[in-house]
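*Asks:* Sequence:
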Amino acid sequence: MRDDVDTYVRTCLICQQDKADHQKKVGLLQLLLIPKRPWESVSMTTSGLPKVGDLGSIIVVVDHFKICTFIVAPKHITAEGMTHLFFKHVVNYWGLPKDIISDRDSRFTGIFRSSYSNSSDPNFP
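Residues in the sequence shown are numbered consecutively from 383, following our numbering.
Rather than coming from a laboratory, the hints here were simulated on the basis of the structure.
Keep in mind that this is a model prediction, so the values were computed, not measured.
Hints are not guaranteed to be accurate.
[Said to hold, decoys possible] 16 Å max Cα-Cα, derived EDC-like pairs, lysine to aspartate or glutamate:
1. Lys480 - Glu422
2. Lys448 - Asp487
3. Lys448 - Asp485
4. Lys418 - Asp445
5. Lys457 - Asp481
6. Lys480 - Asp445
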């Protein structure tokens, strides 16, 4: 049986692509500061869901002090669209956070920040 498993793993395309030596080295984790008040520091990510109408994902905004918010969004949302939803569902209720952490790439984050700064406060994180 071991020979069968070895043969399968050697010939499996997905197994070969997911090997650790084919992936970029990751850096060290950065310690997050403990916030002193709610909505001072937040992180956000998107997660796909089964499509209902034109909606097919959810934006999860986590306050590192206390609470989280779930925002229903289109499956393929732009940075500008995410900025609009972020302000509508987070900033309007709790104010602008000091820090925003996102797992999106730097290009998306840059567009998110610039679409906010074009329309509002220059102190955006």
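*Asks:* Checking one constraint from the list: CA of lysine 448 to CA of aspartate 485, max 16 Å. Satisfied?
*Replies:* violated, 20 Å
*Asks:* For lysine 418 and aspartate 445, compute the direct alpha-carbon distance and say whether it is at most 16 Å.
*Replies:* holds, 12 Å
*Asks:* Are lysine 480 and aspartate 445 close enough, with their CA atoms no more than 16 Å apart?
*Replies:* It holds: about 11 Å lies between the C-alpha atoms, which stays within 16 Å.
*Asks:* Is the Cα-Cα distance between lysine 448 and aspartate 487 16 Å or less?
*Replies:* Given that 16 Å is the threshold and the Cα spacing comes to 26 Å, the pair is violated.
*Asks:* Holds or violated: are the alpha carbons of lysine 480 and glutamate 422 at most 16 Å from each other?
*Replies:* Since the Cα atoms of lysine 480 and glutamate 422 sit roughly 5 Å apart, the hinted pair holds (cutoff 16 Å).
*Asks:* Does the alpha-carbon distance linking lysine 457 and aspartate 481 stay inside the 16 Å limit?
*Replies:* violated, 25 Å
When held up to the earlier numbered hints, the structure conflicts with 2, 3, 5 and fits the remainder.
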